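S.K.: Residues per chain, in single letters:
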Amino acid sequence: DTGVSQNPRHKITKRGQNVTFRCDPISEHNRLYWYRQTLGQGPEFLTYFQNEAQLEKSRLLSDRFSAERPKGSFSTLEIQRTEQGDSAMYLCASSLGSAGGQETQYFGPGTRLLVL
Amino acid sequence: KQEVTQIPAALSVPEGENLVLNCSFTDSAIYNLQWFRQDPGKGLTSLLLIQSSQREQTSGRLNASLDKSSGRSTLYIAASQPGDSATYLCAVITISGGYNKLIFGAGTRLAVHP
Chain R
4 DTGVSQNPRH KITKRGQNVT FRCDPISEHN RLYWYRQTLG QGPEFLTYFQ NEAQLEKSRL
64 LSDRFSAERP KGSFSTLEIQ RTEQGDSAMY LCASSLGSAG GQETQYFGPG TRLLVL
Chain B
26 KQEVTQIPAA LSVPEGENLV LNCSFTDSAI YNLQWFRQDP GKGLTSLLLI QSSQREQTSG
86 RLNASLDKSS GRSTLYIAAS QPGDSATYLC AVITISGGYN KLIFGAGTRL AVHP
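Note that the protein sequences, when read in sequence, are chains R and B.
Using my numbering, the letters of the first sequence map in sequence onto residues 4 to 119.
Using my numbering, the letters of the second sequence map in sequence onto residues 26 to 139.
It is worth saying that the hints were derived from the structure and are not from the lab.
Treat the hints with care, since some could be wrong.
[Claimed, not checked] Have a look at the derived ranges for each label pair, beta carbon to beta carbon:
1. G123/B / E47/R: 16 to 26 Å
2. L117/R / K26/B: 46 to 56 Å
3. P39/B / T79/R: 44 to 54 Å
4. L99/R / T70/B: 15 to 25 Å
[As the list claims (entries may be wrong)] Restricting the straight-line Cα-Cα distance to at most 30 Å, the calculated cross-link-like pairs of lysine-lysine (BS3-like) are:
5. K93/B / K60/R
6. K67/B / K126/B
7. K60/R / K17/R
8. K60/R / K126/B
9. K93/B / K126/B
10. K67/B / K74/R
11. K74/R / K26/B
12. K26/B / K126/B
13. K17/R / K67/B
14. K126/B / K74/R
[To be verified] Covered stretches of chain R, going by a simulated chain B footprint (3 or more residues, C-beta under 8 Å):
15. 25-33
16. 71-80
Note that the structure is predicted; figures quoted are calculated from it, not measured.
Beta carbons are placed, not taken as given, at the ideal position from N, Cα and C, and that holds for glycine.
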């Protein structure tokens, strides 16, 4: 068990470019979450996967954002046509959950995005 | 809509002091409450999770209490050390669509100086 990993750890891009982040959850964790954290704030929920199915998306997730979790393993979060307001830390978490039961989310180190 | 507030936003203390960090939430219908630690530029480390049926949890020098009816939780840090310097986040947990939904406060930035 090596924990949740995220790549890259840092990304600097110019406004209008597309970026993609990757999250590798703890093996055998069936649930995967993406959060966004802006400076001085707590993380905010973006989206949630149960295995390969994306079951919920926040209103924060505009149509420029897309997330996938093929084969229910790693996940990618893509931001198209980045804007300066997208600058934030993007955190991934995974858990082993069952319907309505208690679960513990384990967080990765995050990807810090800066849009110039 | 659930809102989570943490007070104070920042705290600077000398080493050795006992500290109380506060977290309040507007909707008492929560499943659990969890306290996290975040070092600068890093991810979140879980410190304590309090189930809704519990009133407190302890781990080493940390003690967290929960009063659901008043919508409050406190994190008590005994005999603070410089290594405790970090941001402390509380998150209320509800069950939404079959999964645990975490709603975070903005955190308390703690600096413990020697």
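S.K.: For each hint, tell me whether it holds in the structure or not.
M.R.: Do the hints match the structure? See the list:
{"no.": "1", "hint": "G123/B / E47/R: 16 to 26 Å", "verdict": "20 Å, holds"}
{"no.": "2", "hint": "L117/R / K26/B: 46 to 56 Å", "verdict": "30 Å, violated"}
{"no.": "3", "hint": "P39/B / T79/R: 44 to 54 Å", "verdict": "46 Å, holds"}
{"no.": "4", "hint": "L99/R / T70/B: 15 to 25 Å", "verdict": "18 Å, holds"}
{"no.": "5", "hint": "K93/B / K60/R", "verdict": "28 Å, holds"}
{"no.": "6", "hint": "K67/B / K126/B", "verdict": "21 Å, holds"}
{"no.": "7", "hint": "K60/R / K17/R", "verdict": "26 Å, holds"}
{"no.": "8", "hint": "K60/R / K126/B", "verdict": "12 Å, holds"}
{"no.": "9", "hint": "K93/B / K126/B", "verdict": "17 Å, holds"}
{"no.": "10", "hint": "K67/B / K74/R", "verdict": "28 Å, holds"}
{"no.": "11", "hint": "K74/R / K26/B", "verdict": "34 Å, violated"}
{"no.": "12", "hint": "K26/B / K126/B", "verdict": "13 Å, holds"}
{"no.": "13", "hint": "K17/R / K67/B", "verdict": "23 Å, holds"}
{"no.": "14", "hint": "K126/B / K74/R", "verdict": "23 Å, holds"}
{"no.": "15", "hint": "25-33", "verdict": "violated (count 0)"}
{"no.": "16", "hint": "71-80", "verdict": "violated (count 0)"}
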